[in-house]
Amino acid sequence: MVKVNKKPSRSSETKKDGGPPPEKDSPGQVPAAGFGKGLQAEKIVGATEGDDGKLLFMVKWKDSDATELVTASEAKVKCPQVVISFYEGIIKWE
Numbered sequence: 616m617v618k619v620n621k622k623p624s625r626s627s628e629t630k631k632d633g634g635p636p637p638e639k640d641s642p643g644q645v646p647a648a649g650f651g652k653g654l655q656a657e658k659i660v661g662a663t664e665g666d667d668g669k670l671l672f673m674v675k676w677k678d679s680d681a682t683e684l685v686t687a688s689e690a691k692v693k694c695p696q697v698v699i700s701f702y703e704g705i706i707k708w709e
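For reference, each letter of the sequence shown is one residue, going 616 to 709 in my numbering.
Hints listed in this document are in silico derivations from the structure and should not be mistaken for laboratory results. If you're wondering where the values come from, they're calculated on a predicted model, not measured in any experiment. Backbone N, C-alpha and C fix where the C-beta goes; we use that ideal spot for every residue, glycine too. Be careful, since some hints might not be right.
[As the list claims (entries may be wrong)] Distance windows between CB atoms, simulated:
| id | residue 1 | residue 2 | range |
| --- | --- | --- | --- |
| 1 | Lys707 | Ala647 | 36 to 42 Å |
| 2 | Ser700 | Gly651 | 18 to 24 Å |
| 3 | Glu703 | Pro646 | 30 to 36 Å |
| 4 | Lys677 | Glu709 | 30 to 36 Å |
| 5 | Trp708 | Pro646 | 40 to 46 Å |
| 6 | Ala648 | Pro695 | 18 to 24 Å |
| 7 | Asp666 | Glu703 | 26 to 32 Å |
| 8 | Asp666 | Trp708 | 28 to 34 Å |
| 9 | Lys707 | Pro646 | 37 to 43 Å |
[Unchecked claim] No more than 20 Å apart at the CA atoms, straight line, and that leaves these computed lysine to aspartate or glutamate pairs for EDC-like:
| id | residue 1 | residue 2 |
| --- | --- | --- |
| 10 | Lys658 | Glu703 |
| 11 | Lys677 | Glu657 |
| 12 | Lys693 | Glu703 |
| 13 | Lys658 | Asp680 |
Put together the whole structure using the sequences plus the hints.
In structure tokens form, the structure reads like this:
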């Protein structure tokens with residue numbers, strides 16, 4: 616049997632305490648926002664079309680006055696009830 620000692624790649628390096636490696640800021644990296652920070656959506660206050668033609672929702676976060684544009688596809692996965700409530704509030708039956 617042959618033993619092979621592999622050096623861990625930079626991406627698989629861990630801290631001495633065994634935890635994941637610290638996150639490194641790269642020049643093109645966008646800081647986490649909204650769902651990426653673990654925030655929860657309170658309500659959708661509006662909708663618009665992005666430059667790429669995709670639907671965006673203006674989301675108000677719980678326990679905050681902050682709002683942020685979020686793609687509709689992400690909102691449908693992360694907060695489906697909030698999306699449904701938004702549509703229920705804007706539909707007008709005649």
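Which numbered conditions among the earlier hints are violated in the structure presented, ordered from lowest to highest?
Of the numbered hints given earlier, the structure breaks none, since each of them holds.
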